[in-house]
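Listed below, chain by chain, are the residues.
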Amino acid sequence: MLGDKAFSLIQELDRSQHGTLPPFNEDAVRQALEEIDSLFQQNVADINHLAEDDALVAGIHLRHAALERNKRCLLAYLYNRLERLRTMRWQLGSVLPSDVRTNLCEPELEWFAQYSSTVARYMRSLGDGQGLDLTVDLKPPKNLYIEVRCLQDYGEFELEEGEVVLLSKDSTHFLPMEHCQHLIRQGVLQHVK
Amino acid sequence: MFVTNIIKEFYDCISGKRVLVLVHSDLDAICSGKILQALFRADHILYTLCPVLTLSDLLTAVKSHKEQISSIILINCGGTLDLVEFLELPPHIKVFLADTHRPLHVCNIYSDDQIRILGQLDDDEEVPAFGDVFRDDETSESEEEDEDGVSRISESRLEKQRERRLWEQKRNKLLFDYSQFSYFAGSTATLMFELAWKLSKDTSDLLWLAIVSLSGEQLCSIREQHKLALCAADLNTHVARLHHTNHTDTTEPAADTITFQKDVQLSLYRHWSLVESMRHSPLTATSLKLWTHKGEKKMFELLAELGLPLTECRQLFCGMDVKLRSELPTLLEGKADKYGLGGLVTPSFSRSHVFHSRCSASDFAHAALALLEPPSTDGLSMSHAFLDASDCLNGSTVFAKGIASARKQLEAVYRQMQTFLDMNQVISAGPFLYATVLQGSPLAAFMSGPHVLGALGRFTLGAHVSASRNKKARSLPLVLTTPDSSQPQDWCLVCGIPPLADTSHRNFFGKAFEQAVSKTQSRAQLEFFDSHVIRLHVEDRSKFFDALISLLS
Amino acid sequence: MKMADITDDILSASDDDESQVVTAAEVLLKIESLWRTERLSPTLECHQSELVDCMLDQITQMNNNLRRCKKTDLRLAIHRMELERVRYVVASYLRCRLLKIERFTHYLLEKHGELDDPSLALLSPQELDYAKSYAQSIESHFNKLVLRHITHEKLAEFDAKKMSVVPNMNGYVFLKVLKDSPGVLISDQVGENADEEVDLVAGDQHLMMYSSIQELLKSGHVELI
Numbered sequence: 001m002l003g004d005k006a007f008s009l010i011q012e013l014d015r016s017q018h019g020t021l022p023p024f025n026e027d028a029v030r031q032a033l034e035e036i037d038s039l040f041q042q043n044v045a046d047i048n049h050l051a052e053d054d055a056l057v058a059g060i061h062l063r064h065a066a067l068e069r070n071k072r073c074l075l076a077y078l079y080n081r082l083e084r085l086r087t088m089r090w091q092l093g094s095v096l097p098s099d100v101r102t103n104l105c106e107p108e109l110e111w112f113a114q115y116s117s118t119v120a121r122y123m124r125s126l127g128d129g130q131g132l133d134l135t136v137d138l139k140p141p142k143n144l145y146i147e148v149r150c151l152q153d154y155g156e157f158e159l160e161e162g163e164v165v166l167l168s169k170d171s172t173h174f175l176p177m178e179h180c181q182h183l184i185r186q187g188v189l190q191h192v193k
Numbered sequence: 001m002f003v004t005n006i007i008k009e010f011y012d013c014i015s016g017k018r019v020l021v022l023v024h025s026d027l028d029a030i031c032s033g034k035i036l037q038a039l040f041r042a043d044h045i046l047y048t049l050c051p052v053l054t055l056s057d058l059l060t061a062v063k064s065h066k067e068q069i070s071s072i073i074l075i076n077c078g079g080t081l082d083l084v085e086f087l088e089l090p091p092h093i094k095v096f097l098a099d100t101h102r103p104l105h106v107c108n109i110y111s112d113d114q115i116r117i118l119g120q121l122d123d124d125e126e127v128p129a130f131g132d133v134f135r136d137d138e139t140s141e142s143e144e145e146d147e148d149g150v151s152r153i154s155e156s157r158l159e160k161q162r163e164r165r166l167w168e169q170k171r172n173k174l175l176f177d178y179s180q181f182s183y184f185a186g187s188t189a190t191l192m193f194e195l196a197w198k199l200s201k202d203t204s205d206l207l208w209l210a211i212v213s214l215s216g217e218q219l220c221s222i223r224e225q226h227k228l229a230l231c232a233a234d235l236n237t238h239v240a241r242l243h244h245t246n247h248t249d250t251t252e253p254a255a256d257t258i259t260f261q262k263d264v265q266l267s268l269y270r271h272w273s274l275v276e277s278m279r280h281s282p283l284t285a286t287s288l289k290l291w292t293h294k295g296e297k298k299m300f301e302l303l304a305e306l307g308l309p310l311t312e313c314r315q316l317f318c319g320m321d322v323k324l325r326s327e328l329p330t331l332l333e334g335k336a337d338k339y340g341l342g343g344l345v346t347p348s349f350s351r352s353h354v355f356h357s358r359c360s361a362s363d364f365a366h367a368a369l370a371l372l373e374p375p376s377t378d379g380l381s382m383s384h385a386f387l388d389a390s391d392c393l394n395g396s397t398v399f400a401k402g403i404a405s406a407r408k409q410l411e412a413v414y415r416q417m418q419t420f421l422d423m424n425q426v427i428s429a430g431p432f433l434y435a436t437v438l439q440g441s442p443l444a445a446f447m448s449g450p451h452v453l454g455a456l457g458r459f460t461l462g463a464h465v466s467a468s469r470n471k472k473a474r475s476l477p478l479v480l481t482t483p484d485s486s487q488p489q490d491w492c493l494v495c496g497i498p499p500l501a502d503t504s505h506r507n508f509f510g511k512a513f514e515q516a517v518s519k520t521q522s523r524a525q526l527e528f529f530d531s532h533v534i535r536l537h538v539e540d541r542s543k544f545f546d547a548l549i550s551l552l553s
Numbered sequence: 001m002k003m004a005d006i007t008d009d010i011l012s013a014s015d016d017d018e019s020q021v022v023t024a025a026e027v028l029l030k031i032e033s034l035w036r037t038e039r040l041s042p043t044l045e046c047h048q049s050e051l052v053d054c055m056l057d058q059i060t061q062m063n064n065n066l067r068r069c070k071k072t073d074l075r076l077a078i079h080r081m082e083l084e085r086v087r088y089v090v091a092s093y094l095r096c097r098l099l100k101i102e103r104f105t106h107y108l109l110e111k112h113g114e115l116d117d118p119s120l121a122l123l124s125p126q127e128l129d130y131a132k133s134y135a136q137s138i139e140s141h142f143n144k145l146v147l148r149h150i151t152h153e154k155l156a157e158f159d160a161k162k163m164s165v166v167p168n169m170n171g172y173v174f175l176k177v178l179k180d181s182p183g184v185l186i187s188d189q190v191g192e193n194a195d196e197e198v199d200l201v202a203g204d205q206h207l208m209m210y211s212s213i214q215e216l217l218k219s220g221h222v223e224l225i
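Protein chains in written order, with full-length UniProt numbering: chain A, 1 to 193; chain B, 1 to 553; chain C, 1 to 225.
Among the hints, a few may not be true.
Claimed, not checked - Stretches of chain B that chain A covers, calculated by requiring three or more beta carbons in the stretch to come under 8 Å of a beta carbon on chain A:
| id | segment |
| --- | --- |
| 1 | 37-50 |
| 2 | 63-70 |
Claimed, not checked - Below, a list of computed lysine to any residue pairs in the SDA-like style, where the Cα atoms sit at most 20 Å apart:
| id | chain 1 | residue 1 | chain 2 | residue 2 |
| --- | --- | --- | --- | --- |
| 3 | C | LYS162 | A | ARG72 |
| 4 | A | LYS169 | A | HIS182 |
| 5 | B | LYS63 | A | SER168 |
| 6 | C | LYS100 | A | LEU85 |
Just so you know, these hints were derived from the structure itself, not from any lab.
No residue lacks a Cβ here, since even glycine has one placed at the ideal position from N, Cα and C.
Based on the sequences and whatever the hints tell you, model everything.
Set out below in structure tokens:
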């Protein structure tokens with residue numbers, strides 16, 4: 001069936017869990033592009049023969065429709081992957097965990113880096129050049145300080161007023177909220193309810 | 001120095017600063033730590049909390065945090081050491097010590113300002129006077145002697161030297177007598193709860209933590225019964241006060257009540273079947289000799305006399321008939337004396353939430369202690385076990401896990417005790433009894449920490465005394481060894497239990513072990529804060545025991 | 001409003017005596033209503049970057065004042081909590097705008113190009129910059145992976161018109177009428193030539209299509225709830 005390969009890409013993305021990225025399916029993309037190419041070649045061949053046989057028009061239209069559909073599926077696949085990447089930037093920060101990185105292709109990694117730097121540039125320019133970090137405070141803040149447990153040996157960590165905290169495995173700490181958020185997202189600290 | 005006004009000299013000193021809290025890995029310390037954490041959270045005092053089990057843990061923790069912290073709080077660790085010397089503390093760091101281990105080191109008691117001890121000495125504790133232990137003119141004497149090239153030995157100097165030698169001899173004897181017996185004072189959790197009360201921040205949750213700590217003390221029988229009863233009465237007054245302030249309208253059912261009422265003292269009976277619980281509780285097991293056939297028959301006799309059908313007693317307690325369940329304390333109380341089970345039904349604390357079943361404080365204590373020392377086959381680190389035990393006291397899924405672990409631990413202890421007695425492995429070595437957990441036995445994995453060792457020792461000693469026809473058995477202490485879980489080939493843990501006849505609960509094994517080790521130059525690590533447990537190299541075991549025998553006879 | 005009182009408190013405690021045309025409390029109220037509108041509206045509203053900058057400046061000032069206070073004062077904790085909440089409101093507002101910019105990039109860029117009056121601009125200069133680089137990054141990504149390989153000339157173009165997402169101007173929103181507005185035209189959706197004219201009375205609450213009340217929203221006659 002025409003357009004199956006491209007549609008399978010969409011299905012694959014739809015079936016995967018939201019918030020995760022399956023590996024970039026280069027093979028299917030390549031096959032869809034090849035299909036586009038072959039359809040296009042067939043169309044060109046047919047157009048040349050159009051003068052002889054009017055009935056080819058239907059075939060040309062069909063192939064063109066299939067071409068457009070393939071293109072649309074491919075672009076939708078790419079765009080949705082970028083959407084998920086974008087969500088990850090806001091949730092996980094500018095460094096992706098390694099298991100996600102292995103699922104991305106080169107251009108996606110480049111796009112992520114570029115997006116990160118665009119967002120960073122925008123955040124820096126806020127408030128007359130003062131900058132405001134928009135990636136913290138994703139939920140309304142409830143407490144100034146929170147109790148956290150350290151899950152791995154992290155080493156020394158500096159607070160705002162210059163105080164240094166040593167984060168060793170299985171130690172419990174009571175620290176200001178703003179400093180802990182990044183570490184909680186990275187998985188170094190765990191919030192204790 | 002002892003702190004007289006705990007708020008001014010302790011709490012106000014740490015407000016606004018960051019503190020390091022080092023908590024010993026035992027139930028009382030965990031409860032105190034949680035109470036302190038609640039207080040700190042309310043007052044926005046930043047803290048870092050690390051668990052410690054051995055002396056080396058304490059030293060590492062202090063060393064790594066020394067630069068960043070100006071106040072350290074030690075809970076149930078370090079009281080018996082000379083802290084300033086051991087931790088190499090710079091003078092600007094203040095240490096607040098809340099330790100139940102006694103005797104406290106004299107350097108800590110007489111420290112100027114750096115070491116502040118929270119809590120008070122009991123009336124029956126005697127500390128050597130300052131003049132008997134420290135002497136100002138020591139250095140000046142030695143300097144004078146060195147400066148003189150010509151040894152002009154005058155009368156007065158000879159006199160002074162003699163006097164000094166006598167004083168030193170007296171001092172050494174005093175210190176030896178003072179530190180000979182190790183024992184425990186009032187629980188730290190009660191102290192912390194009283195601090196919370198003085199700050200008007202006490203809640204029933206914090207009170208419950210203090211109560212669980214007290215139950216833990218009762219389980220491990222580390223203090224005299226009458227002192228524990230006094231503490232229980234004190235806590236009961238707090239219960240009454242909190243209950244009254246929270247629920248002045250008595251018609252409404254209270255959401256969360258703590259009650260102090262007569263309860264059956266069987267381990268975990270609410271989470272087990274009655275038969276199993278009777279079998280694994282030290283009190284019933286030793287009085288009825290439940291590891292023997294005769295004993296089992298006696299137990300069934302008792303149950304029959306009480307009118308409890310055997311099928312009911314064999315199923316889970318929550319599945320028993322409601323009428324039987326509610327009548328159980330009164331039934332047992334009536335027949336207790338006939339079977340020698342005095343003390344089976346005594347008042348104790350329990351707590352219930354609306355729509356939840358009632359839980360007794362000793363259940364929580366059992367669960368937390370079991371999670372604190374998981375079997376070595378689980379491979380959990382000490383700090384992970386500490387966090388598990390801490391979470392269990394909040395009462396949640398971890399609590400259910402704790403109850404399951406506690407059941408397994410009690411079963412293992414019981415089976416080990418049964419092995420000891422059936423195989424006659426409790427050997428008399430003259431002045432004490434002696435038993436070894438064999439390496440490679442599947443039960444050895446459960447005997448991995450000081451608390452469970454102590455529980456096994458007490459259970460074994462009680463069972464042996466009740467089974468033995470020897471009249472002297474009551475006055476013999478027990479020494480128990482078990483392979484060390486981290487390196488079972490080379491090291492073993494040795495634990496000393498005082499004799500049953502000794503009701504003062506003062507343990508002399510700490511000092512005895514120390515002296516035996518130094519006499520025989522054995523490779524040993526005296527690194528637990530509970531001094532009656534040490535780690536000994538397997539090859540030095542025999543000469544160590546010989547030395548111990550000669551010491552104690 | 002408690003939050004506004006406290007922020008006024010903090011400012012009055014500071015040594016600043018610049019006469020401000022608008023007080024901190026008023027700025028905060030405005031920011032809150034902007035935040036509400038932005039979250040409820042289906043399209044991007046006009047930018048108010050001066051207001052945002054002003055608020056951020058105030059936050060920094062207040063932070064500096066608080067830092068000078070004694071550490072164990074209970075009021076310090078309350079003030080700091082309020083500042084955190086204000087910061088959250090501003091951040092949420094800006095994040096919401098960024099989300100809409102990313103979704104409707106091409107539409108907004110096109111609209112921006114068409115505008116003559118700079119005071120009605122939807123995007124602030126920084127946001128414009130952001131939108132442009134975002135659009136460009138998406139386009140180049142598509143080109144790299146797919147469009148480059150298509151040999152058909154026309155097909156290989158990135159047709160922004162066909163592919164961009166357009167905000168749903170006909171989405172329904174709840175609104176509250178602040179000032180009397182007679183003669184609001186509700187255009188017909190069903191095709192029965194049933195255009196209606198409605199009079200909006202102050203204090204009423206309605207559920208209407210966004211397109212009908214867009215102008216009134218801009219002029220402040222209604223507010224979204």
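Tested hints:
no. : hint                : verdict
1   : 37-50               : holds (count 10)
2   : 63-70               : holds (count 4)
3   : C:LYS162 x A:ARG72  : holds, 10 Å
4   : A:LYS169 x A:HIS182 : holds, 17 Å
5   : B:LYS63 x A:SER168  : holds, 13 Å
6   : C:LYS100 x A:LEU85  : holds, 17 Å
Checked against the numbered hints above, the structure violates none of them.
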